[in-house]
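A.B. asks: The residues making up each chain are set out below.
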Amino acid sequence: MSILNIFSQVEISHYIYLSTVLFCIGLFGVLFRRNAIILLMCIELMLNAVNLLFTAFSSYMGDSDGQIFVFFIMVVAAAEAAVGLAILVLVYRNTRSTDVSFLDQLKG
Amino acid sequence: MLTLMIFLPLLGFVLNGTLGKFLPKAISGWLGTAAVFGSFVIALMSFMDLTGDTTMPERIYTKLFTFLHVGNFHVDFAFQFDRLSAVMTLIITGIGTLIHMYSIAYMHEDDGFYKFFAYLNLFIFNMLVLVLGSNYLMLFFGWEGVGLCSYLLIGFWYKNVDFGKAARKAFIMNRIGDLGLLMGLFLIYDTYGTFEYQDVFKLVFAGSAESNAVNTAIALLLFIGAMGKSAQIPLYTWLPDAMAGPTPVSALIHAATMVTAGIYLVIRSEAIYALSPIAREVVMWIGLATSIMAALIGLKQNDIKKVLAYSTVSQLGLMFIALGCGAYTAALFHVITHAFFKALLFLGSGSVIHGMHHEQDIRQMGGLRKKMPITYLTFLIGTLAITGFPFLSGFFSKDEILMSAFAHNPLVFGLALVSAGITGFYMFRMFFVTFHGTYRNTHHGYDKVHESPLLMTLPLLVLAVLSVIGGAVNLPQYLGESISGGLHHLLSYDGGGQFSPILMYPEHAIELSHTAEIGLLVMAVSVFVIAFLYTRNKYVTQGAVPESDEAQAGMGKVLANKFYVDEAYDTAFVSPIEAAGDVVGNYVDDKGVKGFVDGFGSGSNFISRLLSKIQNGNIEYYLVYMVIGVALLLAFNLF
Amino acid sequence: MMQNLPIPFLVLSFLTILSALYVVTSKNPVHSVLALIFTFFTISAHYVLLNAQFLAIVNLIVYAGAIMVLFLFVLMLLNLSKETEPVKSNWWGISAAITAGCLLLIITAAFQVSGEAVAKNPVEGIGLVKALGKVLFTRFVVPFELTGILFLASMVGAVLLGKREKGNDALISKEELNG
Numbered sequence: 008m009s010i011l012n013i014f015s016q017v018e019i020s021h022y023i024y025l026s027t028v029l030f031c032i033g034l035f036g037v038l039f040r041r042n043a044i045i046l047l048m049c050i051e052l053m054l055n056a057v058n059l060l061f062t063a064f065s066s067y068m069g070d071s072d073g074q075i076f077v078f079f080i081m082v083v084a085a086a087e088a089a090v091g092l093a094i095l096v097l098v099y100r101n102t103r104s105t106d107v108s109f110l111d112q113l114k115g
Numbered sequence: 007m008l009t010l011m012i013f014l015p016l017l018g019f020v021l022n023g024t025l026g027k028f029l030p031k032a033i034s035g036w037l038g039t040a041a042v043f044g045s046f047v048i049a050l051m052s053f054m055d056l057t058g059d060t061t062m063p064e065r066i067y068t069k070l071f072t073f074l075h076v077g078n079f080h081v082d083f084a085f086q087f088d089r090l091s092a093v094m095t096l097i098i099t100g101i102g103t104l105i106h107m108y109s110i111a112y113m114h115e116d117d118g119f120y121k122f123f124a125y126l127n128l129f130i131f132n133m134l135v136l137v138l139g140s141n142y143l144m145l146f147f148g149w150e151g152v153g154l155c156s157y158l159l160i161g162f163w164y165k166n167v168d169f170g171k172a173a174r175k176a177f178i179m180n181r182i183g184d185l186g187l188l189m190g191l192f193l194i195y196d197t198y199g200t201f202e203y204q205d206v207f208k209l210v211f212a213g214s215a216e217s218n219a220v221n222t223a224i225a226l227l228l229f230i231g232a233m234g235k236s237a238q239i240p241l242y243t244w245l246p247d248a249m250a251g252p253t254p255v256s257a258l259i260h261a262a263t264m265v266t267a268g269i270y271l272v273i274r275s276e277a278i279y280a281l282s283p284i285a286r287e288v289v290m291w292i293g294l295a296t297s298i299m300a301a302l303i304g305l306k307q308n309d310i311k312k313v314l315a316y317s318t319v320s321q322l323g324l325m326f327i328a329l330g331c332g333a334y335t336a337a338l339f340h341v342i343t344h345a346f347f348k349a350l351l352f353l354g355s356g357s358v359i360h361g362m363h364h365e366q367d368i369r370q371m372g373g374l375r376k377k378m379p380i381t382y383l384t385f386l387i388g389t390l391a392i393t394g395f396p397f398l399s400g401f402f403s404k405d406e407i408l409m410s411a412f413a414h415n416p417l418v419f420g421l422a423l424v425s426a427g428i429t430g431f432y433m434f435r436m437f438f439v440t441f442h443g444t445y446r447n448t449h450h451g452y453d454k455v456h457e458s459p460l461l462m463t464l465p466l467l468v469l470a471v472l473s474v475i476g477g478a479v480n481l482p483q484y485l486g487e488s489i490s491g492g493l494h495h496l497l498s499y500d501g502g503g504q505f506s507p508i509l510m511y512p513e514h515a516i517e518l519s520h521t522a523e524i525g526l527l528v529m530a531v532s533v534f535v536i537a538f539l540y541t542r543n544k545y546v547t548q549g550a551v552p553e554s555d556e557a558q559a560g561m562g563k564v565l566a567n568k569f570y571v572d573e574a575y576d577t578a579f580v581s582p583i584e585a586a587g588d589v590v591g592n593y594v595d596d597k598g599v600k601g602f603v604d605g606f607g608s609g610s611n612f613i614s615r616l617l618s619k620i621q622n623g624n625i626e627y628y629l630v631y632m633v634i635g636v637a638l639l640l641a642f643n644l645f
Numbered sequence: 011m012m013q014n015l016p017i018p019f020l021v022l023s024f025l026t027i028l029s030a031l032y033v034v035t036s037k038n039p040v041h042s043v044l045a046l047i048f049t050f051f052t053i054s055a056h057y058v059l060l061n062a063q064f065l066a067i068v069n070l071i072v073y074a075g076a077i078m079v080l081f082l083f084v085l086m087l088l089n090l091s092k093e094t095e096p097v098k099s100n101w102w103g104i105s106a107a108i109t110a111g112c113l114l115l116i117i118t119a120a121f122q123v124s125g126e127a128v129a130k131n132p133v134e135g136i137g138l139v140k141a142l143g144k145v146l147f148t149r150f151v152v153p154f155e156l157t158g159i160l161f162l163a164s165m166v167g168a169v170l171l172g173k174r175e176k177g178n179d180a181l182i183s184k185e186e187l188n189g
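Residue numbers (the working numbering), protein chains in the order written: chain A, 8 to 115; chain B, 7 to 645; chain C, 11 to 189.
Just chain A, same shape as in the assembly (with noise of 0.2 Å):
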């Protein structure tokens, strides 16, 4: 069914990198970034690398569980983003900003 029989022609080690690349590239924006949006969408981005990763493992080892998995994280994703963004509108309401390092406020 597949376009072309990836299986044979790559390894699974590529994916592994290619999924260790993205998450690290979600990470550097996490730590760079100071709108909280973005920052949201960076770790959105770094679930994405984990799915990916998920997804080649179950394909290459031929179990399912791993899809199952990824389903489990999209819903937990979109929770995530609901209440995140829920959150930072109400954030942005009190202080105009969306800037995470005015949250140091929040600090005892």
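FYI, nobody ran anything at the bench for these hints, they're computed from the structure. Heads up, a few of these hints could be off.
What the hints assert, rightly or not - Simulated pairs of lysine to any residue, SDA-like, Cα-Cα distance not exceeding 20 Å: (1) B/LYS619 / C/LYS144; (2) C/LYS144 / A/MET68; (3) C/LYS130 / A/GLN16.
Keeping the supplied structure of chain A fixed, place chains B and C upon it in accordance with the hints.
C.D. replies: Chains B and C alone, transformed into the frame defined by chain A:
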């Protein structure tokens, strides 16, 4: 019953210690007295049971719980009431009751009234544990307990710095002795594998001659403990200083009961001492030296309580002479009679001090005979009893000691007789100076002097009666076979061979010819008469008054300064220790240890200052730390 | 070894990484969102390559469709489309790059050390709805229901947070809070 007897005073202590502050003085005082009196009644009943019924075993034994159980080491928290303990218990609770009663009147103006009774009750409890414990560890428990109470009560008026120092001195001196006792206990356990009196003595008895070196060591170590508690050379200096405490305390603890704990210990360990003639010789000579030295010092003291204190040391020395000669009955006999007349004398002096508005210097007294008739009369009886007036209690007990000393070694007899003679001199000196002559105090007028209330004179009267008839406990043989030697029979009673008596080795019967016996008596009486006549002539007829401190010269000055023993101890022990303490304190501790310890403090302070910078509340930093942490974790896994 | 790889894989991977980098470096948040959507498209293409057809579609619908639209919606709502983006200093950029790079190195090294223990055993058709649904509604039915509850909870939470309370709509400026 036994448990109740011991724990009644503890109950009194707990009640007085916790609630005493809220109780009226009368209730708290009578509460303490009642607790001790209850113990006395029970002790009396138990004593009747024990001696009246021939089917009774040798002791009443109660095990409360297992005190310690570690490996093979097993000690029970158990009490035994045998004939020796019974005698001691009766003295402690009987005289204790009288003194408690006396204290109600004596201490009535004191703020710490309830505290005083709490301490007294605690003392009685500890003393009972000491004499009623069924093993050496229980004895040690009580031994330390009475030491603590002694400390608390000497320093009872703790606002006076000197009194506090006296309390500390007593405590420290006792610690030195306690160390000896403790080492003796270790040696006992090491040798015999148990602390139980009965087991130890059975083993000692069975093993008899073979391990005499060890037994000698045990005996000497135990004697070091006895030295501390019973104020013998070289550890006696705390007792005169202990007079800083209230007078009832001096009477109860430092004359009648606690200081005789050392005697009790030696009598209890008779089986061990019997095997070691060397240890007995040591005991005897130290007792003799203490007796004479304290008596000499007593000659020149002007504080009414100090005289009595040195007298106590001297009498304790006499008891140790008896122990050294193997006359355990005589020693215990003297413990009993001494408890009577010395408690009487102390309480009498307390009555004088009370009547004189806390004046203790006999040079400030004089002519009190007319103002304080009851105190005068009872004090006279006490003085006569201690100096050996014929047929008073002291006469019999002292005579028995002298006789056993004579049988042992005539030289010892001679020296002991000298000591007993000096007793007469200093006692009559004090007596005459205090009660005869003219009133010399300039602060309080003669008319201000008053007799003490009934609550104080009643114990005096009871004790006076006991001092007169106390000799009946153990009358000498020449007064008739049937009524004599009661105490001797008590201690040597073996239930028709059913059980081991208190004294496992029969005492040497004193084999003296009738002439020798009469001769000794005559000598003793004549010494008494000489002392009486000399002092009467000097202080009553000539009306002499002891010199003031500055006028002392020659030998008198040496005596008044107590042979400079305190100063010698200061130079030999206290100063070097203080100097060493200074060095260690200023250099080792201040510079070395303090720097080291402070380094920890300032170091962690510095680190936490650094670390607190990390915790700045900024999410970005936290993220970086988190990532670094994850990276490090992975790296650790990797390598 | 790069040249042995099939061209579609290489192109897709290249596009994925490139767009992901644009997501984190773009100064305009809207551009970031669009780049992220593009990244999700490429990842979906990877899913197709990996025989996970159902996941590819779900990824597009849920992520690129729903979640990213949500992001875009919030961006528009807050009016952040213009370049008011707070920028961090270069120091921050360098340290963030170093930290992320270190993690990358370490993870890569970890893979190198642990080796390739995964056996190749591809099975035809496990990525289809039929197969996945069977597993999801049998073995994973309890976690599946739990995620439903989680969703419900997050929905309630989001509504609660987003609700504007009466008398609590005073806007506090950053300066006021700092003062």
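A.B. asks: If a hint holds in the structure, say so; if it does not, say that too.
C.D. replies: Here is what the structure says about each hint:
Distance restraint check for B/LYS619 and C/LYS144: the Cα-Cα separation of roughly 54 Å exceeds the 20 Å cut-off, and the hinted pair is therefore not satisfied. A C-alpha spacing of about 18 Å is found between C/LYS144 and A/MET68, which places the hinted pair at or below 20 Å, so the restraint holds. Using a Cα cut-off of 20 Å, the hinted pair C/LYS130 and A/GLN16 holds, with the two alpha carbons roughly 12 Å apart.
Hint violations for this structure: number 1 only, all remaining hints satisfied.
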